[in-house]
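Undergrad: Protein chains in written order, with the numbering used here: chain A, 84 to 388; chain B, 6 to 246.
What the hints contain is simulated information worked out from the structure, not anything from laboratory work. Even glycine gets a Cβ: it sits at the ideal position worked out from N, Cα and C. Do not rely on the hints blindly, as some may be mistaken.
[Unchecked claim] Cβ pair distances, simulated, as ranges:
#1 B:Ala41 x A:Leu360: 49 to 57 Å
#2 B:Ile90 x A:Pro189: 16 to 24 Å
#3 A:Lys85 x B:Glu9: 36 to 44 Å
#4 B:Met6 x A:Ser383: 39 to 47 Å
#5 A:Ala381 x B:Gly173: 26 to 34 Å
#6 B:Ile90 x A:Ile356: 38 to 46 Å
#7 B:Ala41 x A:Ala336: 58 to 66 Å
[What the hints assert, rightly or not] Interface residues of chain B toward chain A, partial, derived using beta-carbon atoms under 7 Å:
#8 Gly18
#9 Gly68
#10 Asp72
#11 Met74
#12 Pro76
#13 Asn80
#14 Gly96
#15 Gly106
#16 Tyr109
#17 Lys156
#18 Thr160
#19 Lys163
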Amino acid sequence: MKRLSLLAIIAAVLVLGSLAGFASEYMLGIGFTLFMYIALAQSWVILSGMTGYISLGHVVFFGSGAYVFVLLWGLVPVWLGVAISGLVVGIGALIIGYPVLRVRGPYFVILSFGLAELVKNLVLINDARLYKSLRPVFGAPPLEQLYLSMFILAVIATALTYWVRRSRFGAGLRSIREDEGAAETIGVLVARLKLFAFALSAIIPSMVGAIFIMRSGIFQPGDAFNPIVSFTMVTMAIIGGSDDAPGPFLGVAFLVILQELLWVNWPEVYMIILGALLIGFVLFMPTGIYGWLSERLARSRQNAS
Amino acid sequence: MLLEISDVQKRFGGLVALQGIDFSVEEGETLGIMGANGAGKTTLFSLIAGHAKPSQGKITLAGQQIDGMRPDQINALGIARTYQIVRPFRGLTVLENVAAGALYGSRQEKDMQRANDFAMEILSVVGLEGRTNDLAGNLTLAGFKRLELAKALATGPKILLLDEVMAGLTPNEVNEAIAIIETCKQKYSLTVIIIEHVMKALMRMCERIVVLHHGEMIAMGAPDKIAEDDAVIQAYLGAEK
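Based on the provided sequences and hints, a complete structural model is requested.
TA: As structure tokens, this is what we get:
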């Protein structure tokens, strides 16, 4: 059973990866968005799903990564630029996380949201000072390469969440989520673990941001730090289930399909439906689709035995 | 002396919660702490476990000063506490709760499998082996109390601080709890400090008892001496006129 699902995963990875070779532009575009959100939602889960520190401003890493990348554009090779974005934002997260993670609960949620807005405005002010309202990115790699790189990030992010969830590190993070004081009492180094999770959940979104900018062809602070990206990430993770790697996967698939259906026909109700879904899931299915499914499965297995 | 508490005082603003606390605990001993509500028993545990700093005085573990350290550092040195108001990780399974203790604490187990094995061993000692995969939030009160104990034990302590692990249990459950604690003490060569309102339990388990009253130590000694101590009787039953 376990070997079979591993084989299925490897096959899926190969098929999806090789799609870059022959799929249509439209399909690659959808795949790009799909993998982008998988990478983002998985990264969000590493911080917020595991520690319970709900970040409502995760776009800050996405936008900062994009900004660092665009500043480096033309100065370093493209993929080196992406890697440097990840590194710079990761280190930045370590520094900013230290004070930010001292705040808990709803205050952290507000702070994370505010942080994203703050960084956006700093970038806006800086660019205004330099008379640069838009920063175009000319000569980006073709869509096939962007698709493939986004795909790789999605795979890495998923593997990372899967590993964290089963590791000693993850056990510490999840105990922090349940009761931070009690976690400290059994020897969990809460401050260090939270900080590490914060930085870890920042790196991939910043690289995603860098690649996203190549696809859109232009850096605009309003787009790169768009709060909707944060909200979508959270919604996907919560709808899918935020306690393990399959959750965000299901959530992203569900929402991207919904988006494709709604965006085309009723774009004005899309956000309303997103909100209604989020409320519904939080109230009635707090463990998400995956949590609900695995609970079901466990119960039927218990009944069978 | 394993643990020494020297002339400790704790003030919360103008309120003196503890004053002149001075006793030591020998390795392998079971020391009881008794006193009415608000006498400062839990505060004393918080000071030992690092959740609060003494305003005055010193606490040492095997000669090393530990007051002022963080709870996780003190736990890593081998002091584990349970909470009177239980604090299980409700969203995790019973096994995950206990394994977390083994992974951190003073054991610092790096391997998940070994942590799980050790957690299983402890769960069978405290009698929760049948509920390993249930969510901790679904346990009964007696279950919570056992889980509290299991989590603390899993960290691999030398000294175990038990804060009213028997409160709210039925007489039957109290007997079981006493047996479990005695077993653990033998099996893991523990030193135990126990806060308890159930007098019978204290009398049976402890070599010595410290009595707190309004934040001060009014008596210390063997259980039978404590039961006859005038100051204790006065504090509990009021002065005889």
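Undergrad: For each hint, tell me whether it holds in the structure or not.
TA: Hints, one by one, checked against the model:
At about 53 Å, the beta-carbon gap between Ala41 of chain B and Leu360 of chain A stays in the expected band of 49 to 57 Å. With their beta carbons about 23 Å apart, Ile90 of chain B and Pro189 of chain A fall inside the hinted range of 16 to 24 Å. The supplied range of 36 to 44 Å is broken by Lys85 of chain A and Glu9 of chain B, whose beta-carbon atoms lie about 53 Å from each other. In this structure the supplied range 39 to 47 Å is violated for Met6 of chain B paired with Ser383 of chain A, their Cβ-Cβ distance being about 57 Å.
Taking the beta carbon of each, Ala381 of chain A and Gly173 of chain B are about 30 Å apart, inside 26 to 34 Å as hinted. For the pair Ile90 of chain B and Ile356 of chain A, the beta carbons lie near 42 Å from each other, so the given range of 38 to 46 Å is met. For the pair Ala41 of chain B and Ala336 of chain A, the beta carbons lie near 60 Å from each other, so the given range of 58 to 66 Å is met. Restraint check, Gly18 of chain B versus chain A: the minimum CB separation of about 22 Å is more than 7 Å; hint violated.
Interface hint at Gly68 of chain B: violated, since its Cβ lies 21 Å from the closest Cβ of chain A, which is beyond the 7 Å cut-off. A distance limit of 7 Å between C-beta atoms decides the matter here; for Asp72 of chain B the minimum to chain A is near 16 Å, and the interface restraint is violated. Restraint check, Met74 of chain B versus chain A: the minimum CB separation of about 12 Å is more than 7 Å; hint violated. Given the 7 Å rule on beta carbons, the hint for Pro76 of chain B holds: about 5 Å separates it from the nearest Cβ of chain A.
Checking Asn80 of chain B against chain A by beta carbon gives a least distance of about 4 Å; that is within 7 Å, so the hint holds. Contact between Gly96 of chain B and chain A, as hinted, is supported at the beta carbon level, the nearest pair being about 5 Å apart and thus within 7 Å. Using the Cβ-Cβ criterion of 7 Å, the hint placing Gly106 of chain B at the interface with chain A is satisfied: the shortest such distance is roughly 4 Å. With a cut of 7 Å, the hint placing Tyr109 of chain B at the interface with chain A holds, because the nearest CB-to-CB distance is about 4 Å.
For the restraint placing Lys156 of chain B at the interface with chain A, the shortest Cβ-Cβ distance is roughly 6 Å, inside the 7 Å limit, so the hint holds. The criterion of a C-beta within 7 Å of any C-beta in chain A is met by Thr160 of chain B, whose closest approach is roughly 5 Å, and the hint holds. Taken as an interface hint, Lys163 of chain B does not check out: its beta carbon lies about 13 Å from the nearest beta carbon of chain A, beyond 7 Å.
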